[in-house]
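Participant: Model the full assembly from the supplied sequences, consistent with the hints where possible.
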Amino acid sequence: MIMEKALVFSLGSQEFSVQISAVKEIKEWAKATPFPAAPAFVEGAVNVRGSVIPLVNMAQMMGLSDDNDEKKAIIFLKDDKKIIGFSVSNVTDISDIDEEDFRPLPELSSDNLKYYSNGILSLGGRLVFSVNVSSLFEGSLQ
Amino acid sequence: MNILVVDDSRTMRDLVSRELRGGGYDVETAEDGVNALEKIKGFSPAVIITDLNMPRMNGLELTQTLRTQDETKFVPIIFLTTESGDELRRAAREAGATGWIVKPFDGSKLLAAVRRVSA
Amino acid sequence: MSATEFTDDMDAIRQIFFDECDEQLALLEEELTTLSDEPEDKEKINTIFRCVHSIKGGAAAFGMEELVKFSHLFESVLDLFRSGALSVTTESIATFLKCKDVLCDIVAAFKNEGAACEVGPDIVAELERYPHSGAPEPEPSPKDVEMDDIFGMAFAPVQIKIEALVDQQFSISLRVTTEFYERGDDVRNILIALKELGTLQIEVNTDAVPLIGDISPERSYLTWNLLLATQKSRGDVEEIFEWSGDDLQATVTLIADNVTDGPASLPVAVEEKIDLQIKKPTERKESATVRVDIQRIDKLVDLIGELVINQGAIQSQMRRNKVHGDSVLGNVVTAQEQLIHELQENVITMRAYPIKTVFQKLGRVVRETARLTEKQVRLVLEGEDTEVDRSILEKLSDPLTHMLRNAIDHGIESPQARSLAGKDPEGLLRLRAFQRSGRIIVEIQDDGAGLDADRIYEKAVEKKIIERGQRLDLEEIYSLIFEPGFSTVAEVTDVSGRGVGMDVVKQSLQQINGRIFISSAKGKGTTFSISLPFTLSVIEGIIFKAEGQDFVIPVNNVLETIIFDAKKAFHVGEGKYGYPYRDGYLSVIYASDIIGTSSDGVNQKICFVVENENEEKLAFIVDKIIDHSRFVVKNLEDNYRKIACFSTATILGDGNVAFILDVEFLFGELLKKREGSLEERV
Numbered sequence: 001m002i003m004e005k006a007l008v009f010s011l012g013s014q015e016f017s018v019q020i021s022a023v024k025e026i027k028e029w030a031k032a033t034p035f036p037a038a039p040a041f042v043e044g045a046v047n048v049r050g051s052v053i054p055l056v057n058m059a060q061m062m063g064l065s066d067d068n069d070e071k072k073a074i075i076f077l078k079d080d081k082k083i084i085g086f087s088v089s090n091v092t093d094i095s096d097i098d099e100e101d102f103r104p105l106p107e108l109s110s111d112n113l114k115y116y117s118n119g120i121l122s123l124g125g126r127l128v129f130s131v132n133v134s135s136l137f138e139g140s141l142q
Numbered sequence: 001m002n003i004l005v006v007d008d009s010r011t012m013r014d015l016v017s018r019e020l021r022g023g024g025y026d027v028e029t030a031e032d033g034v035n036a037l038e039k040i041k042g043f044s045p046a047v048i049i050t051d052l053n054m055p056r057m058n059g060l061e062l063t064q065t066l067r068t069q070d071e072t073k074f075v076p077i078i079f080l081t082t083e084s085g086d087e088l089r090r091a092a093r094e095a096g097a098t099g100w101i102v103k104p105f106d107g108s109k110l111l112a113a114v115r116r117v118s119a
Numbered sequence: 001m002s003a004t005e006f007t008d009d010m011d012a013i014r015q016i017f018f019d020e021c022d023e024q025l026a027l028l029e030e031e032l033t034t035l036s037d038e039p040e041d042k043e044k045i046n047t048i049f050r051c052v053h054s055i056k057g058g059a060a061a062f063g064m065e066e067l068v069k070f071s072h073l074f075e076s077v078l079d080l081f082r083s084g085a086l087s088v089t090t091e092s093i094a095t096f097l098k099c100k101d102v103l104c105d106i107v108a109a110f111k112n113e114g115a116a117c118e119v120g121p122d123i124v125a126e127l128e129r130y131p132h133s134g135a136p137e138p139e140p141s142p143k144d145v146e147m148d149d150i151f152g153m154a155f156a157p158v159q160i161k162i163e164a165l166v167d168q169q170f171s172i173s174l175r176v177t178t179e180f181y182e183r184g185d186d187v188r189n190i191l192i193a194l195k196e197l198g199t200l201q202i203e204v205n206t207d208a209v210p211l212i213g214d215i216s217p218e219r220s221y222l223t224w225n226l227l228l229a230t231q232k233s234r235g236d237v238e239e240i241f242e243w244s245g246d247d248l249q250a251t252v253t254l255i256a257d258n259v260t261d262g263p264a265s266l267p268v269a270v271e272e273k274i275d276l277q278i279k280k281p282t283e284r285k286e287s288a289t290v291r292v293d294i295q296r297i298d299k300l301v302d303l304i305g306e307l308v309i310n311q312g313a314i315q316s317q318m319r320r321n322k323v324h325g326d327s328v329l330g331n332v333v334t335a336q337e338q339l340i341h342e343l344q345e346n347v348i349t350m351r352a353y354p355i356k357t358v359f360q361k362l363g364r365v366v367r368e369t370a371r372l373t374e375k376q377v378r379l380v381l382e383g384e385d386t387e388v389d390r391s392i393l394e395k396l397s398d399p400l401t402h403m404l405r406n407a408i409d410h411g412i413e414s415p416q417a418r419s420l421a422g423k424d425p426e427g428l429l430r431l432r433a434f435q436r437s438g439r440i441i442v443e444i445q446d447d448g449a450g451l452d453a454d455r456i457y458e459k460a461v462e463k464k465i466i467e468r469g470q471r472l473d474l475e476e477i478y479s480l481i482f483e484p485g486f487s488t489v490a491e492v493t494d495v496s497g498r499g500v501g502m503d504v505v506k507q508s509l510q511q512i513n514g515r516i517f518i519s520s521a522k523g524k525g526t527t528f529s530i531s532l533p534f535t536l537s538v539i540e541g542i543i544f545k546a547e548g549q550d551f552v553i554p555v556n557n558v559l560e561t562i563i564f565d566a567k568k569a570f571h572v573g574e575g576k577y578g579y580p581y582r583d584g585y586l587s588v589i590y591a592s593d594i595i596g597t598s599s600d601g602v603n604q605k606i607c608f609v610v611e612n613e614n615e616e617k618l619a620f621i622v623d624k625i626i627d628h629s630r631f632v633v634k635n636l637e638d639n640y641r642k643i644a645c646f647s648t649a650t651i652l653g654d655g656n657v658a659f660i661l662d663v664e665f666l667f668g669e670l671l672k673k674r675e676g677s678l679e680e681r682v
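Those protein sequences? They're chains H, D and S, same order as listed.
Heads up: the first sequence is residues 1 to 142, going by full-length UniProt numbering.
Heads up: the second sequence is residues 1 to 119, going by full-length UniProt numbering.
Heads up: the third sequence is residues 1 to 682, going by full-length UniProt numbering.
No wet-lab data here; the hints were simulated from the structure.
For every residue, glycine included, the Cβ atom is placed at its ideal position computed from N, Cα and C.
Each statement offered as a hint is correct.
Among the chain D residues that face chain S by a calculated CB cut under 8 Å, a handful are:
{"no.": "1", "residue": "Asp8"}
{"no.": "2", "residue": "Arg67"}
{"no.": "3", "residue": "Thr82"}
{"no.": "4", "residue": "Phe105"}
Some chain S residues judged to face chain H by a derived CB distance under 10 Å, without partners named:
{"no.": "5", "residue": "Asp302"}
{"no.": "6", "residue": "Glu547"}
{"no.": "7", "residue": "Asp550"}
{"no.": "8", "residue": "Leu636"}
{"no.": "9", "residue": "Ile643"}
{"no.": "10", "residue": "Cys645"}
{"no.": "11", "residue": "Ala649"}
{"no.": "12", "residue": "Thr650"}
{"no.": "13", "residue": "Val657"}
Chain D regions said to be covered by chain S (calculated; three or more residues, Cβ under 8 Å):
{"no.": "14", "stretch": "19-33"}
{"no.": "15", "stretch": "70-76"}
{"no.": "16", "stretch": "94-100"}
Facilitator: What follows is the structure, given as structure tokens:
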């Protein structure tokens, strides 16, 4: 019965969620300065009020798509040290999450999905992959 | 950061110094109030830790004296003492003590107290 | 190793305690036997009291419960005589002497490692016949509780800690009296202690501060309104005020649990505000200084950084709108730029600290290392007041510690060897800091054996760092000690080892743009000179375009900028080119090589002649130069990780990020190309 809030967003046609406590800020997508030596899923660096923050294409990092999806928003997530921006197709809403809404991923899920997601949420019939913030950070900093 | 430890017991001086040095502080010691007044010249402690009951000049007299001198007027002084009771605490405060730690000696309490007055 | 040190150390103090007990007991005996001659002598009773008190204090520190318990009982009886409640009689002296013997027995028992020692019930009963003094009686309850009962008492109220699982918000209003400062305390201490409990927002109320002519310098005028979000209980919060008594008036109000529910809206960025806004009521000394919290200055530096960025934006807009630099607007903007520049320099010097703070720690390092290596070392510090930016100071401590250890361990000889060589058995280690042409120089000079160039050469060959026969000048040979793999774990000694070699020292100095130079004379000693920039937060740079993107190159690495004539570049190997420069030729690195986009090179018009700290040069080819300016440096590692060729970035006038080129990386690329051609040959 642990209630938590999650930010729901979409990558292409699929919905995902992250815990709200990790969300620092949401902004409209803007082009970043490309990082010359970084992996392809890193779009570059953006300036947020004087801080230089990396921008990561989440779908591409998770191996879900190439760079073709429409990107409308950047979700800035924070862990205890760093802030990283993730570009997503759209931000949908904020939902209350009940522990009972959680289901484990199907066995057949790809390794990538198993790495980045810790389960499926069913929110009134919608199927939402819950994303692990720590995995996102690890993945981004590779 | 320099700390002066004033105690007539060598054991306590050694214990306290050891703990403070372990915490990265530079320590000088004195055996009593009179000795402390001599040592302060040239050492300029940032914090003074003193026992209460000592021969020649006790902790209260030492504190009163230090509070009248320009160089030490605002230096934090912590009493490290087994003596208890509100009476003594009031006396210590009136003399100008910043704080106090009650023995038995506890290293982490000591370091926390030093940090508390020298943040 | 530290664990053994710890116990040895503690054992030594334990031994001191027993020695001191013997002294105190002897003194006690002497005073007691002469007490009957002067039973009214207050000082005598006081000395007797102090002997017992002193034994009790030490015993408590070592957890010798029986000794604590008995000396406490004895002491509380003595206190009755000390305070004059009772007068000394021959009978009481007899009791005291018996007590002294019991103390001797207990001390002896502890000295013989825990030989059991029961205190006779008779003597306890005899002492208990005296009316009880103010100090409470130890209770005959379970043993581990006893110690607390004796000492815990009145001054340490037992708190029932109910740790809240979520953050609670306390609103705290704070006011201190002038006496608060007179007792050596500082509101800053309180604020920092509170900040350690959670997130603190501070508001200073300066309404009560009078006009400057009316200020009484030692009075306290300020009040503070604080908002503390913490998981700690109210008791934990109030404990911080405990020492201050009436001198500090704090009202603590629990507001509400932190917002866990509320309207479902998109979260807005909430800046975590931990800015400590601290002001002392007055300054003590007459010299006109004001203490300001470092975070406020950091904030100021950041804000000026933003100002610099905005200034750039204005200027780029002016260019775009073709506003002439000589116009009225142009002149104002130029004047403003100059002002911001001066402001920035001033604020950055405010953040400087004397290097003393680092040097002082090193005194201990030297003493400790000298002790471990059984060498005699005298440390001389010079220029402790030289000021260095805090960001650099923080990163200086570790490399200096390592270099000093190294100087003692490998540089300074044993006292015997020194005497044989006709030197003072005590080695001299000089640590010196000074400013030279805008940089800070730190020198570590020892009068030890000096570096042995032949041995270093041999070892470098052994470790395959160089090839036998390779010709190197003396300085190059000395620099080999900074090569990775030169000092290996196998020969790392206890002292200078700790798993780091000089390569790590060099790397950490490079991180703060430090350069290091060695001079050495056999038998006479070695000097390491470290040259450091004054600050890391601003660089002077040239902004250039390459492959359609803007980059910055630090100006102090650019020797010269020349027009690049593609026809003069000549092919020297697969994908490798040379370019004439003065009366020689430089190797060429194209910006497109490192940025990773392919290019036909038609746009490349500018050649930077780039030089590194070893005075190596190369030609770096870019598309065009945009501007020359000062840039606020942002560390990429703060939010990302180290990446090759760009470790820092800056924000341009248009708000976009531009990366700052890491010049060492270019030379690394050069080396790779060279190695590539070596392989080709093989």
